Amino acid sequence: MKFSDLGDLAFRNLRESVLRNSLTTLGVAVGVASLVAMLSLGVGLQQLATSRLAKTGLFDSIFVTPKTNLRGPGAGPPATRMPSAKSRPLDEDARAEISRMPNVTEVYPQIRFFTAVRFDDKPFATFVAGMPQSSKASGAFDGMQGSFFSSGNADEAILQVEFAKELDPQTASLIGKDLVLRYAERQALPSAPADPAQSSDGFSVVPKERHLRIIGIVETEPASGFGGFGSGRLLIPLSVAETLRAAQVNDLRDILRDSSSSDKPTYASLTVRLKSPSLVVATEAKIKDLGFSAFSLLDVSKSIATFFRVLDLLLGIFSSLALAVATLGIVNTLVMAVLERRREIGVLKALGAADRDVKQLFFVEAGVMGFLGGIFGTFLGWLIGRALTFGTNVYLHRQNLPSTEISSVPWWLVLFGIGFAMFVSLGAGLYPASRAARLDPVQALRYE
Amino acid sequence: MTNDLPVNQAAIHLDRVARHYQMGESVIRAVDDVSLSIQSGEFLALLGSSGSGKSTLLNLIAGLDRPTSGAVIANGQDLSKMSSLELARYRRQTVGMVFQSFNLLPRMTLEENVELPLRLAEVDRSERAARVREALGRVGLEKRAGHRPSELSGGEQQRTAVARALVNRPKILLADEPTGNLDSSTGESILALLREIQKNPGMTIVMVTHERPLAERFADRLGVMGDGKLLSNGAAR
Numbered sequence: 001m002k003f004s005d006l007g008d009l010a011f012r013n014l015r016e017s018v019l020r021n022s023l024t025t026l027g028v029a030v031g032v033a034s035l036v037a038m039l040s041l042g043v044g045l046q047q048l049a050t051s052r053l054a055k056t057g058l059f060d061s062i063f064v065t066p067k068t069n070l071r072g073p074g075a076g077p078p079a080t081r082m083p084s085a086k087s088r089p090l091d092e093d094a095r096a097e098i099s100r101m102p103n104v105t106e107v108y109p110q111i112r113f114f115t116a117v118r119f120d121d122k123p124f125a126t127f128v129a130g131m132p133q134s135s136k137a138s139g140a141f142d143g144m145q146g147s148f149f150s151s152g153n154a155d156e157a158i159l160q161v162e163f164a165k166e167l168d169p170q171t172a173s174l175i176g177k178d179l180v181l182r183y184a185e186r187q188a189l190p191s192a193p194a195d196p197a198q199s200s201d202g203f204s205v206v207p208k209e210r211h212l213r214i215i216g217i218v219e220t221e222p223a224s225g226f227g228g229f230g231s232g233r234l235l236i237p238l239s240v241a242e243t244l245r246a247a248q249v250n251d252l253r254d255i256l257r258d259s260s261s262s263d264k265p266t267y268a269s270l271t272v273r274l275k276s277p278s279l280v281v282a283t284e285a286k287i288k289d290l291g292f293s294a295f296s297l298l299d300v301s302k303s304i305a306t307f308f309r310v311l312d313l314l315l316g317i318f319s320s321l322a323l324a325v326a327t328l329g330i331v332n333t334l335v336m337a338v339l340e341r342r343r344e345i346g347v348l349k350a351l352g353a354a355d356r357d358v359k360q361l362f363f364v365e366a367g368v369m370g371f372l373g374g375i376f377g378t379f380l381g382w383l384i385g386r387a388l389t390f391g392t393n394v395y396l397h398r399q400n401l402p403s404t405e406i407s408s409v410p411w412w413l414v415l416f417g418i419g420f421a422m423f424v425s426l427g428a429g430l431y432p433a434s435r436a437a438r439l440d441p442v443q444a445l446r447y448e
Numbered sequence: 001m002t003n004d005l006p007v008n009q010a011a012i013h014l015d016r017v018a019r020h021y022q023m024g025e026s027v028i029r030a031v032d033d034v035s036l037s038i039q040s041g042e043f044l045a046l047l048g049s050s051g052s053g054k055s056t057l058l059n060l061i062a063g064l065d066r067p068t069s070g071a072v073i074a075n076g077q078d079l080s081k082m083s084s085l086e087l088a089r090y091r092r093q094t095v096g097m098v099f100q101s102f103n104l105l106p107r108m109t110l111e112e113n114v115e116l117p118l119r120l121a122e123v124d125r126s127e128r129a130a131r132v133r134e135a136l137g138r139v140g141l142e143k144r145a146g147h148r149p150s151e152l153s154g155g156e157q158q159r160t161a162v163a164r165a166l167v168n169r170p171k172i173l174l175a176d177e178p179t180g181n182l183d184s185s186t187g188e189s190i191l192a193l194l195r196e197i198q199k200n201p202g203m204t205i206v207m208v209t210h211e212r213p214l215a216e217r218f219a220d221r222l223g224v225m226g227d228g229k230l231l232s233n234g235a236a237r
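Residue numbers (my numbering), protein chains in the order written: chain W, 1 to 448; chain H, 1 to 237.
Please note that a few of the clues may not be correct.
What the hints assert, rightly or not - Derived lysine to any residue pairs resembling SDA-like cross-links, with alpha carbons at most 20 angstroms apart: (1) Lys81/H - Asp355/W; (2) Lys359/W - Leu85/H; (3) Lys275/W - Arg100/W; (4) Lys2/W - Gln93/H; (5) Lys275/W - Phe119/W; (6) Lys359/W - Arg89/H.
Hints were generated in silico from the structure; no laboratory data involved. None of these values were measured; they are calculated from a predicted model.
Whole structure, please, built from the sequences with the hints as guidance.
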């Protein structure tokens, strides 16, 4: 029989016992819905986690340190951490060279220094961190009070909430007020070639002040650089931080280690941001070729992907139990149909239907139930996912937290839901179909 | 006409055909050593009491059942040596069947019932409508094509069954008690229809019946069965 005729007859047969077949199809739909809803949660949570992590810049970043950096990651065991005489300084030239590399979107140093703050004529002490403008997208500033820096050169400050509370317990009232930053500026000393004891240029430290306007309060403690490095409780635009030329912790170490160009600033580390995490490995190798140490967290992102795959698998297995029950429903419905339609099967065989035709007819009926159940179930699963997202967002709003998407039904999940339902239904149709095909037409025609 | 017709001239030839069933420890000999030849274009009526084996013999000729021993040769082919797929093709192309209880599918209209063998034979959709109209016209039911079987009388239902049996233009028409569920005048009209079909376009008909007077009026030859054996075989008139 042609497939179009098989489909036509199958639909007719399904319409004949419409209530029973609808209930069976609904059973399949509920099974598929639970599967799709669970997997959509898995997919949604994975997307949420990866997008949040991607926003932090952890996975499209490379952390670059000079090879002589004693504290840099990847510096090896202590015995090997001897500074190399020929190691290249991580200075402005290096920063420019790395910036020119293909696919590099941003290269910035981590600037973090200790400071005294005067606010309301009272002194406070804290760490200042320079934040690049790109950190606005990191997610750390989502839900902040006030606003992000109006420009990269604005004399503005964002306070970490704990520090803000030290200034004024009513943190909201701080926004718009000014504070004074007292810091130590590094100034080059004039060279003194006559003195043989002074082997190189040094620098002096001069106290300076800068007036900043508080424009925001942030709950988290955003990292200005890689991982937790460079976090501070008083955040200022990175460009402003650079112009301050504030003496940093590593300056003293550098002047002892490196005899050259103490006037020329060197960086303890640079964070290199790329267009995509997939470019990290190649770029990391190129940076190492330039003579620097480089480190990335890409391996961690791979572990996260593996974790979510395992989570999806477990969610899929548990939710498949509902589909397994629905499968038994299909077997039951079709076995009943074979019993009820014995005579019809006998007539079909007497008219020339081969065993194969009868088998295919029941197979198509199972497939149609699976297909319709798959479509309806996938829609239902999507709806459950939306409901879960809605419920979660209502809760998050009550907690004054930003809304989020916890479920996602991508196209592959739609196709998988329908395809899996059909696959399972066809499997369920195997036994009834072969039972129908094996019916003896003489016995079937005698059946009343 | 006798049963010693040469095999190559017969539409159907049964050679020492037996069909035995095992019932516990006893063997039921439903058909027991029957040899018979039916000429092309002949109308044979098989008579006999209930359980005489006439319907079993008809099922063997229809290819719905296989003999325990012996050969059933129809249209030059030995059915006992055919695969189930070949038997299905034989039933589709060579044989048309009419049953006592009509066996129309109740959820289909008359034209859909008649179309069913064409679907099984994978006849093109474009050709089907004309063939269905022709078959229904042949039995005088073209105006009832859109009705369901439950809306028809018994005679009309049996006419529809005849149309369904004819639609694939088979060479052999097999009828199992076609008048069994009909009143006598309707039964007569059905047999008149079969007789007409036998003449034009020319078809071999084997009919199982227990109504001897009707068989004698319409069939060319009568075969009488009892206890699975062919007891007599001779001209009806």
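Results of checking the hints against the structure:
no. : hint                : verdict
1   : Lys81/H - Asp355/W  : holds (17 angstroms)
2   : Lys359/W - Leu85/H  : holds (13 angstroms)
3   : Lys275/W - Arg100/W : holds (13 angstroms)
4   : Lys2/W - Gln93/H    : holds (16 angstroms)
5   : Lys275/W - Phe119/W : violated (40 angstroms)
6   : Lys359/W - Arg89/H  : holds (16 angstroms)
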